[in-house]
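Full structure from sequences and hints, please.
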Amino acid sequence: MADPTTLIEVSGLTRDYGPLRAVDAIDLRLARGEVLGLLGPNGAGKTSTMQMLCGTIAPTAGRISINGIDLLDEPRRAKQALGYLPEDPPLYPDMTVAEYLAFVAALHGVPRRARADAIRRAVSRCGLEGTETRLVANLSKGYQQRTGIAQAVLHDPAVVILDEPTVGLDPIQIREIRALIAELGREHGVILSTHILPEVQATCSRVAIMHLGRIVFSAPMDRIGEAPIDRVLVRLGTDPGEAALRALPGITDIQGLAGGRYRLHVDPERTSPERIAAGIVEAGWGLAELSPERRTLEQIFVEATAGEPAAEAA
Amino acid sequence: MTVLAIARRELAALYRSPVAWVVLAAVTAIVAFIFLLHLNTYLQVQPRLERSQGGPGVTAFLVPRLFGAATTIYLMAAPLLTMGLLAGERRNGTLPLLLSAPVSTLEIVLGKFIGVLGVLLAMVALTALMPATLALVAHIDAGALLLATLGAALFVAAAGAAGLYLSALTRQPAVAAVATLGLLLILLLLGEWGRTLGGDWTPLLAYPAPSTHLAPFFKGLFDSGAAAFFVLFAVVFLALAVRRLDNERLQR
Numbered sequence: 008m009a010d011p012t013t014l015i016e017v018s019g020l021t022r023d024y025g026p027l028r029a030v031d032a033i034d035l036r037l038a039r040g041e042v043l044g045l046l047g048p049n050g051a052g053k054t055s056t057m058q059m060l061c062g063t064i065a066p067t068a069g070r071i072s073i074n075g076i077d078l079l080d081e082p083r084r085a086k087q088a089l090g091y092l093p094e095d096p097p098l099y100p101d102m103t104v105a106e107y108l109a110f111v112a113a114l115h116g117v118p119r120r121a122r123a124d125a126i127r128r129a130v131s132r133c134g135l136e137g138t139e140t141r142l143v144a145n146l147s148k149g150y151q152q153r154t155g156i157a158q159a160v161l162h163d164p165a166v167v168i169l170d171e172p173t174v175g176l177d178p179i180q181i182r183e184i185r186a187l188i189a190e191l192g193r194e195h196g197v198i199l200s201t202h203i204l205p206e207v208q209a210t211c212s213r214v215a216i217m218h219l220g221r222i223v224f225s226a227p228m229d230r231i232g233e234a235p236i237d238r239v240l241v242r243l244g245t246d247p248g249e250a251a252l253r254a255l256p257g258i259t260d261i262q263g264l265a266g267g268r269y270r271l272h273v274d275p276e277r278t279s280p281e282r283i284a285a286g287i288v289e290a291g292w293g294l295a296e297l298s299p300e301r302r303t304l305e306q307i308f309v310e311a312t313a314g315e316p317a318a319e320a321a
Numbered sequence: 003m004t005v006l007a008i009a010r011r012e013l014a015a016l017y018r019s020p021v022a023w024v025v026l027a028a029v030t031a032i033v034a035f036i037f038l039l040h041l042n043t044y045l046q047v048q049p050r051l052e053r054s055q056g057g058p059g060v061t062a063f064l065v066p067r068l069f070g071a072a073t074t075i076y077l078m079a080a081p082l083l084t085m086g087l088l089a090g091e092r093r094n095g096t097l098p099l100l101l102s103a104p105v106s107t108l109e110i111v112l113g114k115f116i117g118v119l120g121v122l123l124a125m126v127a128l129t130a131l132m133p134a135t136l137a138l139v140a141h142i143d144a145g146a147l148l149l150a151t152l153g154a155a156l157f158v159a160a161a162g163a164a165g166l167y168l169s170a171l172t173r174q175p176a177v178a179a180v181a182t183l184g185l186l187l188i189l190l191l192l193g194e195w196g197r198t199l200g201g202d203w204t205p206l207l208a209y210p211a212p213s214t215h216l217a218p219f220f221k222g223l224f225d226s227g228a229a230a231f232f233v234l235f236a237v238v239f240l241a242l243a244v245r246r247l248d249n250e251r252l253q254r
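Going down the list, the protein sequences come from chains C and P. Heads up, our numbering is the position in the first sequence plus 7, with the first residue counted as 1. Heads up, our numbering is the position in the second sequence plus 2, with the first residue counted as 1.
Honestly, the hints are just simulated from the structure, not real lab data. From the three backbone atoms N, C-alpha and C, an ideal C-beta is built for every residue, glycine too. A couple of the hints might just be wrong.
[Unchecked claim] Label-pair distances were calculated between CB atoms; the ranges are:
1. C/ARG28 with P/GLY184: 34 to 42 Å
2. P/PRO49 with C/LEU142: 54 to 62 Å
3. C/GLY116 with P/GLY95: 18 to 26 Å
4. P/TRP203 with C/ASP95: 49 to 57 Å
5. P/LEU206 with C/ASP95: 45 to 53 Å
6. C/PRO178 with P/MET3: 40 to 48 Å
7. P/LEU252 with C/SER18: 15 to 23 Å
8. C/ASP95 with P/ASP202: 49 to 57 Å
9. C/ASP34 with P/ALA27: 56 to 64 Å
10. P/LEU128 with C/ALA32: 56 to 64 Å
11. C/ARG28 with P/LEU191: 45 to 53 Å
12. P/LEU152 with C/ARG120: 34 to 42 Å
[As the list claims (entries may be wrong)] Under the rule of at most 25 Å between Cα atoms (straight-line distance), these lysine to any residue pairs were calculated in the SDA-like manner:
13. C/LYS148 with C/ARG185
14. P/LYS221 with P/MET78
15. C/LYS148 with P/ARG173
16. P/LYS221 with P/THR43
17. P/LYS221 with P/ALA134
18. P/LYS221 with P/LEU136
19. P/LYS221 with P/GLY57
20. P/LYS221 with P/GLU194
21. C/LYS148 with P/ASN94
22. C/LYS148 with C/LEU176
23. P/LYS221 with P/ALA155
24. C/LYS148 with P/ARG92
25. P/LYS221 with P/LEU128
26. P/LYS221 with P/GLN48
27. P/LYS221 with P/LEU77
28. C/LYS148 with C/VAL174
29. C/LYS148 with C/ILE181
30. C/LYS148 with C/HIS202
31. C/LYS148 with P/GLY90
32. C/LYS148 with P/SER19
33. C/LYS148 with P/ALA15
34. C/LYS148 with P/GLY95
35. P/LYS221 with P/ILE32
36. P/LYS221 with P/ALA208
37. C/LYS148 with P/ARG93
38. P/LYS221 with P/ARG67
39. C/LYS148 with C/ALA186
40. C/LYS148 with P/ARG18
Structure representation (structure tokens):
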């Protein structure tokens, strides 16, 4: 790959399960320093996509390159740059945390001399201090999840892929895991799947929404806050009626709400909240309240997964 | 070496679970009982054998009988040791860990196989120790005993490979155990049936039966064809297991 900051480059990735097309020709890019949140309703193809990226299932069609190495041609080298936490943490209940991490280190080809160091680092990063000699089976769900994450970051991979990493954790643990993900995102590239929207807002630098096997929306998180304003909520002193409001320039639709309030759907190209305010004042309708409404991630998600054509903000 | 890392983990897991210990204890107890029965018989007939001159010595009398019975016991014990090899990984959700690691499916299968061999061979070694103790009081033909042990070791390795393959097919260890037992028993019974049919049927049906290839080893002969049978048997099932894991990724 020409661009050294690209960690994952995926094109035309497709996976069929019998007649069902679970993942339909998706393209994806992950750069170093990025945390990509993969959102989508259940059955959207998130897990299948992640499984293909990690090589646990083979794609029906398409190419995957990890850190510039083709996953299908050179799986061994490509997988060395990968850390993967599946939906269910892949833990052996009969091992202690330290034994388990030592096994994973050997599995990932961490040199014998570097293993103790790598384990120590992963243990402190994931807050597992004091559990090293405990059996995995006896750990709480939260600590098992942390052990699963420790396993994924142990060999210091360039790409970390986490499938629903905060499921089953309490709020404090979720905060810690999010902080860990943010920290990982600084040096590595992280892809995480979730259906918890605030999680994406809290941790991700980019969001991609999947629906029916396709990526229907993809944008950097900071762009979502700055999306053009296409809705304005107004309360008027004297009610002029919908027809009069519709005469204002750039209004595409009007929703009448209780208490003399209206939600105006506006075309951001042709008008702005300032111009609407000026128009209302000029007409003398007594502007009591005006608030622009930004599309939140939740609205974007609902619209994108309702099967409607979604805006590509990126 | 990732193969050895997988093998070591598997072996540790087997010895940590009660299954390996219970199987080893039960097999050893049964085999010891059979050993004592045959030893007792030998002691009763020994005076007559001595008078007749040229009768079998203690090794030639005991070893084929002991190992013949022991391999039937192994046939029932091996499926219990192999059943969890891959089915357990699948049920545990740990298979993705192995598949997403920079490890080939061949390495996974070999690691598992070497791991379970550690228990299977211990089982054979415990049996071999019984006639070996007679060396304290009698002359034992060490070569014959070693060859019988080798034959039994080849047999459990082949049975282990079959069990590993069947364990790759399912997520239920019990299903893998029953399927392995069924497969090994059918091969055994077909051989016996072939012998009763006689004529052309005998070699045809007896060929896949393990007992056919074990017989020369127990008589103190090294039959390279028989050894090759077990090696090939194991290689075929290991290759099938690799194929199965590869297909699982590709499955459409």
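Legend entry - Pairwise hint evaluation, P/ALA15 against C/LYS148, where the allowed Cα distance is 25 Å at most: holds (22 Å)
Legend entry - Given pair status - P/ALA155, P/LYS221, alpha carbons within 25 Å: holds (15 Å)
Legend entry - Hinted pair C/LYS148 and P/GLY90, Cα distance within 25 Å: Answer holds: C/LYS148 to P/GLY90 is near 20 Å, not above 25 Å.
Inset, instruction - May I ask you to test the hint 34 to 42 Å on the CB atoms belonging to P/LEU152 and C/ARG120? - result: At roughly 39 Å between Cβ atoms, C/ARG120 and P/LEU152 fall inside 34 to 42 Å, so the hint holds.
Legend entry - Whether the CB-CB distance between P/TRP203 and C/ASP95 falls inside 49 to 57 Å: Hint holds: Cβ distance 51 Å, inside 49 to 57 Å.
Inset, instruction - Could you grab the alpha-carbon distance between C/LYS148 and P/ARG18 and see if it respects the 25 Å cut-off? - result: holds (23 Å)
Inset, instruction - Take a quick look at whether C/LYS148 and C/LEU176 sit within 25 Å of each other, Cα to Cα. - result: holds (7 Å)
Legend entry - Pairwise hint evaluation, P/ILE32 against P/LYS221, where the allowed Cα distance is 25 Å at most: Roughly 22 Å separates the two Cα atoms, so the pair holds.
Legend entry - Hint consistency between P/LYS221 and P/GLY57 [alpha-carbon to alpha-carbon, up to 25 Å]: holds (14 Å)
Inset, instruction - Take a quick look at whether C/LYS148 and C/ILE181 sit within 25 Å of each other, Cα to Cα. - result: Satisfied, since the Cα-Cα distance of roughly 12 Å is no more than 25 Å.
Inset, instruction - For the pair we were handed, P/LYS221 and P/LEU77, check the Cα-Cα distance against 25 Å. - result: Roughly 20 Å between the alpha carbons, so the hint for P/LYS221 and P/LEU77 holds.
Inset, instruction - Would you mind confirming whether the straight-line C-alpha gap from C/LYS148 to C/VAL174 stays at or under 25 Å? - result: Distance of about 9 Å is within 25 Å: holds.
No hint from the list above goes unmet by this structure.
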